[in-house]
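Student: In the order they appear, the protein sequences are chains A and B. First residue of the first sequence? That's 1 in the working numbering, and the numbers climb one at a time after it. First residue of the second sequence? That's 299 in the working numbering, and the numbers climb one at a time after it.
Source of the hints: derived by calculation from the structure; they are not laboratory data. Among the hints, erroneous ones may be present.
Claimed, not checked - Using 25 angstroms as the maximum straight-line C-alpha spacing, the simulated SDA-like pairs for lysine to any residue come out as follows:
id: 1; chain 1: A; residue 1: Lys15; chain 2: B; residue 2: Lys428
id: 2; chain 1: A; residue 1: Lys86; chain 2: A; residue 2: Gly167
id: 3; chain 1: B; residue 1: Lys319; chain 2: B; residue 2: Gly363
id: 4; chain 1: B; residue 1: Lys412; chain 2: A; residue 2: Gly7
To be verified - Which residues of chain B face chain A? A partial, calculated answer using Cβ under 10 angstroms:
id: 5; residue: Tyr349
id: 6; residue: Glu371
id: 7; residue: Arg372
id: 8; residue: Ile374
id: 9; residue: Arg379
id: 10; residue: Val383
id: 11; residue: Phe385
id: 12; residue: Glu408
id: 13; residue: Asn410
id: 14; residue: Pro411
Each residue gets a CB set at the ideal place from its N, CA and C atoms; glycine is no exception.
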Amino acid sequence: MKIRTLGRHVREGVKNLGRNGWMSFASISAVAITLLILGVFLILAMNVNYFAQSVEKQVEIRVFMDVLATEANVQQVEENIKAIPKVSTVQFIPKDEGLKQFKESLGDKAYLFEGLEKDNPLPDAFVVKTAQPQDTAAVAAQIKKLEYVKNLTYGEGTVEKLFAVTGAVRNVGIAFIIGLGFTAMFLIANTIKLTIVARRREIEIMKLVGATNWFIRWPFFVEGLLMGIAGALIPTIMLSVGYYYLLDAIHSSFEASQLFKLLPLFPLVNQVALALVAIGAFIGIWGSLVSVRRFLRV
Amino acid sequence: MDLIEMFDVWKTYPNGTNALKGVNIRIEKGEFVYVVGPSGAGKSTFIKLMYREEKPTKGQIFLGGFNVSRIKERQIPLVRRSIGVVFQDFKLLPTLTVFENVAFAMEVIEANPKQIKPRVMDVLGLVKLKHKAKMLPSELSGGEQQRVALARALVNSPGIIIADEPTGNLDPDTSWEIMKLFDEINQRGTTVVMATHNREIVNTMRKRVVAIEAGTIARDEQRGEYGYED
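Based on the provided sequences and hints, a complete structural model is requested.
Tutor: Quick look at the structure:
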């Protein structure tokens, strides 16, 4: 194909968008609405996954020492814990440090515990993390057997349930996105098909004056691409702005920001934008070409 | 090689209708041929076979150097470029101006853009529509629309013009205007094959008449008459 012919196809594709104004509008709207729904679910799924990951990462074993244990005893225990194969990190938290952390976690209400430094009721502690969060229970059982270990917590029972839930949530999210993706494709392809049915006469005439099939397809290809991208940009902008305000609203409230740990605006919106534009472009082109094919047999 | 030849051409549609049953014809370069006959006798099929909208069930068709009955799907556009086709319903693109409708046929064959404008204006001059180049088809009368269609058929200088009832939607005066244009084009050496129901025209502007009845050529006369009462 000659370069100037390609230029002609691009010009023609752009002009056709305008000439078939309402039909283009209908197609772009269909793309925009479907991708908006898809985008909302994408953001939701990515955040759920992020949440699940951060929850899983938080799974740790808190080992509390007997208050009577000497410094040597404590050191011995640390060595023993480190010797367990599946342990990744062991962090020693002396009782002063423990109190400080406790107060920090209370934020501006820390003053309630002012003065406890003199007679610290907290024991020395270790925070143990395993390489795989799923190994937590087994490791905890081993630590519990050690001498001078008074007590430990890792959320028994809850942790197992947590892993089941996060796994299920991920699978459901993926299934939802795939399902919505297909729905979007068929909905959009259908709308584009309608716009092309309205133009079968045009295709018929092109064939009659001796246009090759590819010559006929190209402007539709360009048109489909542009409709797909235009249809993807609208929900991308809406989602970016919406997400920005959502984060803003959550961060302005202490309770909400503790409850919902959301992904930051970037790179999330970039990833979503890329996904939506790619999907939009793909279905725009695909929908156009598949629909044109039906009318090329004149 | 602008002659048209058919050898024992048969056309049976999938529903079992035998539209053509063994047609043989030879149309020389520069001829003007009316194709007449009752409705449903095979005229349209005869015309459609020439520009390869339909494929013959049996037989050979040669047109403009192509064996139209044998060519591959990919070559159909090439055949269509060597002929100009005019229809009863004009088949203009409603969203394009007169100029664009005619230029379209040149763009499709990837003509040099510099040549498009002068050539289109030339042809529009021939059909006397230069002054309406920027109008849309909906702003024109039926006769004017048919002249645009004729300009589009002519713009790539085909050796053959095929017309299917070109005056079918036009009043008598306008029909004569169109016929004069066809005659003028023919005088310049272009072969014209025209299916028509217009008795007055056939009997007045005397040309070769091929009558198709029940799928066969019933009559083939130089300077013939219409010969039907409808």
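Student: Are the hints correct? Go through all of them and say.
Tutor: Right, here's what the structure says about each hint:
Distance check on the hinted pair: A:Lys15 and B:Lys428 sit about 24 angstroms apart at the alpha-carbon level, within 25 angstroms; holds. Using a Cα cut-off of 25 angstroms, the hinted pair A:Lys86 and A:Gly167 holds, with the two alpha carbons roughly 22 angstroms apart. For the given pair, B:Lys319 sits about 24 angstroms from B:Gly363 by alpha-carbon distance, which is consistent with the 25 angstroms threshold. Proximity of B:Lys412 to A:Gly7 is assessed by CA-CA distance (about 15 angstroms); at most 25 angstroms being required, the pair is judged to hold.
Restraint check, B:Tyr349 versus chain A: the minimum CB separation of about 7 angstroms is within 10 angstroms; hint holds. For B:Glu371, the interface hint holds, the least distance from its beta-carbon to any beta-carbon of chain A being 8 angstroms, beneath 10 angstroms. Given the 10 angstroms rule on beta carbons, the hint for B:Arg372 holds: about 8 angstroms separates it from the nearest Cβ of chain A. This hint holds: B:Ile374 has a C-beta 8 angstroms from the nearest C-beta of chain A, less than the 10 angstroms allowed.
For B:Arg379, the shortest C-beta to C-beta distance to chain A is roughly 4 angstroms, which falls under 10 angstroms, so the interface hint holds. Contact between B:Val383 and chain A, as hinted, is supported at the beta carbon level, the nearest pair being about 6 angstroms apart and thus within 10 angstroms. Because the closest C-beta pair between B:Phe385 and chain A is about 8 angstroms apart, less than 10 angstroms, the hint holds. Given hint, B:Glu408 at the interface with chain A, holds; its Cβ is 5 angstroms from that chain's nearest Cβ, closer than 10 angstroms.
Interface restraint check for B:Asn410: the shortest CB-CB distance to chain A comes to about 9 angstroms, inside 10 angstroms, so the restraint holds. Given the 10 angstroms rule on beta carbons, the hint for B:Pro411 holds: about 7 angstroms separates it from the nearest Cβ of chain A.
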